[in-house]
Amino acid sequence: MQKGALNVHRIRKDFPILSRKIKDKPLIYFDNAATTQKPMSVIDAIRDYYMNYNSNIHRAVHQMAEEATHAYEATRQKVARFINSHSTDEIIFTRNATEAINIVSHAWGEDNIHKDDRIVITELEHHSNIVPWQILCNQTRASLDYIEVDHGGYLNMDRCEKILQNKNTKLISISEVSNVLGTIVPIRKIIEMAHGQDIPVLVDAAQSVPHMPVDVQTTDCDFMVFSAHKMLGPTGVGILYVKREILEKLQPFISGGDMIKEVHKYETVYNDLPYKFEAGTPNIADVIGFGAAIDYLNRLGMDKIRDHEIELTKYAMDAMKDIRGMTLYGPLDAKNKGGVISFNLGDIHPHDLATILNDHGIAIRSGHHCAQVLMEKFDLSAMSRASFYIYNTPEEVDKFINALNDAKRLFGI
Amino acid sequence: MQKGALNVHRIRKDFPILSRKIKDKPLIYFDNAATTQKPMSVIDAIRDYYMNYNSNIHRAVHQMAEEATHAYEATRQKVARFINSHSTDEIIFTRNATEAINIVSHAWGEDNIHKDDRIVITELEHHSNIVPWQILCNQTRASLDYIEVDHGGYLNMDRCEKILQNKNTKLISISEVSNVLGTIVPIRKIIEMAHGQDIPVLVDAAQSVPHMPVDVQTTDCDFMVFSAHKMLGPTGVGILYVKREILEKLQPFISGGDMIKEVHKYETVYNDLPYKFEAGTPNIADVIGFGAAIDYLNRLGMDKIRDHEIELTKYAMDAMKDIRGMTLYGPLDAKNKGGVISFNLGDIHPHDLATILNDHGIAIRSGHHCAQVLMEKFDLSAMSRASFYIYNTPEEVDKFINALNDAKRLFGI
Amino acid sequence: MSEDIYREIILDHYRNPRNKGSLPNADISIHDSNPLCGDEIDIHLKVEEDMIKDIKFEGRGCAISQASASMLTEQVLNKPLNTVKDIAKEDILENIGLMNLGPARIKCALLSLKVLKLGMVKYYADRDPGSAKKIQDESKLY
Amino acid sequence: MSEDIYREIILDHYRNPRNKGSLPNADISIHDSNPLCGDEIDIHLKVEEDMIKDIKFEGRGCAISQASASMLTEQVLNKPLNTVKDIAKEDILENIGLMNLGPARIKCALLSLKVLKLGMVKYYADRDPGSAKKIQDESKLY
Ligand SMILES: Cc1ncc(COP(=O)(O)O)c(C=O)c1O
Ligand SMILES: Cc1ncc(COP(=O)(O)O)c(C=O)c1O
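Chains as they are written, first to last, in our numbering: chain A, 72 to 484; chain B, 72 to 484; chain C, -10 to 131; chain D, -10 to 131.
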């Protein structure tokens, strides 16, 4: 492992897409909260699988099947170690974080949530951590409760405490880092409070696991979800972590081949953990590719990634604050947030701003960021968002600031 | 498009894995019913996406997001054309065929199946087309009924007719081609009979769409499912086709980002078809890769692929019949079956046979082939299976026959 | 390039939209949003003997969606309702002078047309359910 | 290579399994299957004063799983039940002379050991629920 800070210059060479030009300008990719770019080692791992040992897994005895099974299961071990789970049995591969939440809302929710129960989320949540609970509440006639966010982007912890004391509260599902405001939520404290009332907690770690060290044993969460594509991995792979004692009681969700031990005409014996939750041919190539992504992150070190993002975020926010007409949303101290900056500039609509920035080769996201509840809170329909990762540099931030000034000129503000 | 038969020699050059050696012998890949190999164009399409325009789709206005969205949606069009569906709105991307069936068993089943209703499948089915219905029947107290298979591998059509006349029958779910016996099921006739009684039909086309021309408008099926990885495409992509009039009434299954139009605190407006059924970041790279697979198949022509498989299957079965101690299962006329041959050789257990063949560089599958109900029918726990695709040759079959004779020698039979 | 897109006229319609507001006693009110970006448009119509006698829009979104809604309302005011079905995607893009929009931004430009067409179909369907299918087919949405 | 795997002794145990059959009045009967390939093993035990007084297995599967079950029953017959917990994966592979099996085939070789260990845990758990956890931990399955 490297000493000191990230060697961003060297890192950039591992990402072939960074030599791409957009509108004749070098690509500046600031849409990392949506999905990150992939290093060559990940792209090559997928290619290597298809070129050399592509095979269905688990069920065959020929050599390529064994190699593929081995590589697939090796990723499960890497994931378990990466988040420090007790055992690989607790790691379930899904399509994405969204599907992972749905497994909980369906398989766990339908058994454990009843009429008049309450499910608690926050106003910060991504749609993927809202809609499944709305549907579950609808089906079971439970109710959905929100922990409020103040205008600085922080959760109202008094309200949180009160909600947790309500004896009908049966689940808390909460983001560790907001994909819009960047707010880092004190999940450890919330989990401690929740467990005091025997309330299980799901952590939506889609924006934390890629960017900072995460340890499921320390935080003691009951469920955790995240997506490979937001942490250098391929699209099509998500992770559901479930604490073993809960997992053992969980009914399967998707059923079919591979998740069974014995199928008879009218009954079925399910497979052992975690296979019971992975039905049909899995996304073998991409799970293997995800293994290479974890290796890459481990080589850099999650602490250093976090430091790099704090620095870059601070640098960008300092410059943005100086632009007249700029509104920044969320915590203003980079230490309290992930590498995500949401903002608006005068009356320029975020989509228009994104179009103008695109002409400068800069990819940012604009819109509701799948967080319309939060948008309603701010009485907005859209924000612009720049989000950083390991390959972004202060020089890119400088160009971004220039582009913002160009947008002001075009709009005459 | 080429005239005449497949140019297998040329095709083989497109598949880099075919130059691999197993135990110092050239790989002979006869496990195509489990998953097929991938041509360079598919592997390159995935690589190209990650190297040049990797981006989340649908929701951003920057250029790479537009390119990725365009390529992703282009595959939807290719799929729609490939199976001749009315519109792209009827094509839903899933992880695999298994998940596609589960969407129907959950989202459609829970609304449409009630106590005392009957769901009809066959003894031929893959576990993925059995277990979801067992679970649904369990939940709704409906019952599951099987159309029997005779020892020649054909469905009992009299029994089929009788079951269809039962007024409690509310769904038929049936494979078009058996993954074990290869039997081609007369689905057009069954669908006609079923529609006479207003019974919808799900076709599990996992083993037909990759191997022969399929047209959802001609067969008039209500649901169809298949997997990209069994037709040159990447792992992690399946297709659910649903006839529009049914799809319009279908509740979403997996919920979250991307499948919504508006999310408010306590209610949500869902997105238009087909997006309503695709929640969270999809498997973008692999859907794009699947597009390249369809292009490849179209260039060859599905009719010619079918002809090639008939020829090779006939060639192999003729040679296998001459081996003493050989038992072949399923239809004996290659015209009535897909390119799949299941068999047993003396008292050699299929796993042992697969191990021996692996020493000859030959990959076959052994076991229950995710069809234990069928195995019970034949009073067996396992069969060996060789299954063919576009790159397989008669010379490979010859080596396979030699290897079978070697196994006999080792086991002293 | 941005210079071509954000011309005076677009910014003028964005900042000073024509026919913006509510319309009490509207004969049709219809709402839709662009799921991709969250832009929203409501269109209210007053129809007399098949003529669009008054039209107002409400909504929020980018300069392109707001300007194109503003221009569209100007274009159809005092025109026969059934001519709405003949307005094509290209007409809108030409109107606002943006023939080279990327696919994502095109949806912004066309949202108001989509809403207007939905409104027209609804209007006829309410009055003559039998004809709804036909009108819907005729007024193909881009 | 196959020549090494399918030696006389394996084929002999496959075709003439020792201790195969049912065991009326067994003290423990336990069943498991290998989900990967469908091999199934039932083991029946008669235990007296912690000694395995009789053992039978039933099952179907490949030569490796059947031969290793046959050999395992020979090995433990008339041995103390609690010694079962000390049998390791390597012991089995050495016994049957197959140290180089691939990961898929290893599961075949070890299925009978897994079933026997499950049986032992169940036996003690039935008699002394308190001790079950401890024995289970001690008898780690490969
Ligand atoms: C007939 C049939 N149906 C369904 C499946 C399940 O496909 P998947 O594992 O891709 O979901 C298979 C694959 O083995 C099959 O052969
Ligand atoms: C906080 C948060 N949760 C959940 C998700 C959903 O992730 P995916 O689309 O990969 O399922 C995202 C991604 O945008 C996110 O930022």
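Some clues are possibly wrong.
[Said to hold, decoys possible] Calculated cross-link-like contacts (lysine-lysine; reagent style BS3-like; alpha-carbon spacing at most 25 Å):
#1 Lys74/C <-> Lys96/C
#2 Lys233/B <-> Lys336/A
#3 Lys375/B <-> Lys332/B
#4 Lys314/A <-> Lys45/D
#5 Lys332/A <-> Lys448/B
#6 Lys9/D <-> Lys332/A
#7 Lys9/D <-> Lys320/A
#8 Lys78/C <-> Lys111/C
#9 Lys479/B <-> Lys94/B
#10 Lys260/B <-> Lys314/B
#11 Lys68/C <-> Lys332/B
#12 Lys68/D <-> Lys332/A
#13 Lys123/D <-> Lys78/D
#14 Lys123/C <-> Lys314/B
#15 Lys332/A <-> Lys42/D
To be clear, the hints were calculated from the coordinates, so they are not data collected in a lab. Bear in mind that the values here come from a model prediction, so they are computed numbers and not experimental data.
The hints, checked one at a time:
1. Annotation: proposed proximity of Lys74/C to Lys96/C holds, straight-line Cα distance about 18 Å (limit 25 Å).
2. At roughly 20 Å between alpha-carbon atoms, Lys233/B and Lys336/A fall within 25 Å of each other, so this suggested pair holds.
3. At roughly 44 Å between alpha-carbon atoms, Lys375/B and Lys332/B are farther apart than 25 Å, so this suggested pair is violated.
4. Pair hint Lys314/A plus Lys45/D does not hold up; C-alpha atoms about 38 Å apart against a cutoff of 25 Å.
5. With a C-alpha separation of about 18 Å, the suggested pairing of Lys332/A with Lys448/B holds against the 25 Å cut-off.
6. For the proposed pair Lys9/D and Lys332/A, the alpha carbon gap of about 23 Å is at most 25 Å, so the pair holds.
7. Annotation: proposed proximity of Lys9/D to Lys320/A is violated, straight-line Cα distance about 36 Å (limit 25 Å).
8. The straight-line distance between the Cα atoms of Lys78/C and Lys111/C is roughly 20 Å, inside the 25 Å bound, and the hint therefore holds.
9. Annotation: proposed proximity of Lys479/B to Lys94/B holds, straight-line Cα distance about 20 Å (limit 25 Å).
10. Our distance criterion of 25 Å between C-alpha atoms is met by Lys260/B and Lys314/B, whose separation comes to about 18 Å.
11. As the CA atoms of Lys68/C and Lys332/B are separated by approximately 31 Å, the hinted pair breaks the 25 Å bound.
12. At most 25 Å may separate the alpha-carbon atoms for a hinted pair to count; Lys68/D and Lys332/A exceed this at roughly 31 Å.
13. Taking the CA atoms of Lys123/D and Lys78/D, the gap is about 20 Å. The hint holds against a cut of 25 Å.
14. At roughly 21 Å between alpha-carbon atoms, Lys123/C and Lys314/B fall within 25 Å of each other, so this suggested pair holds.
15. This hinted pair does not check out: Lys332/A and Lys42/D have alpha carbons roughly 31 Å apart, beyond 25 Å.
Checked against the numbered hints listed earlier, the structure breaks hints 3, 4, 7, 11, 12, 15; every other hint is satisfied.
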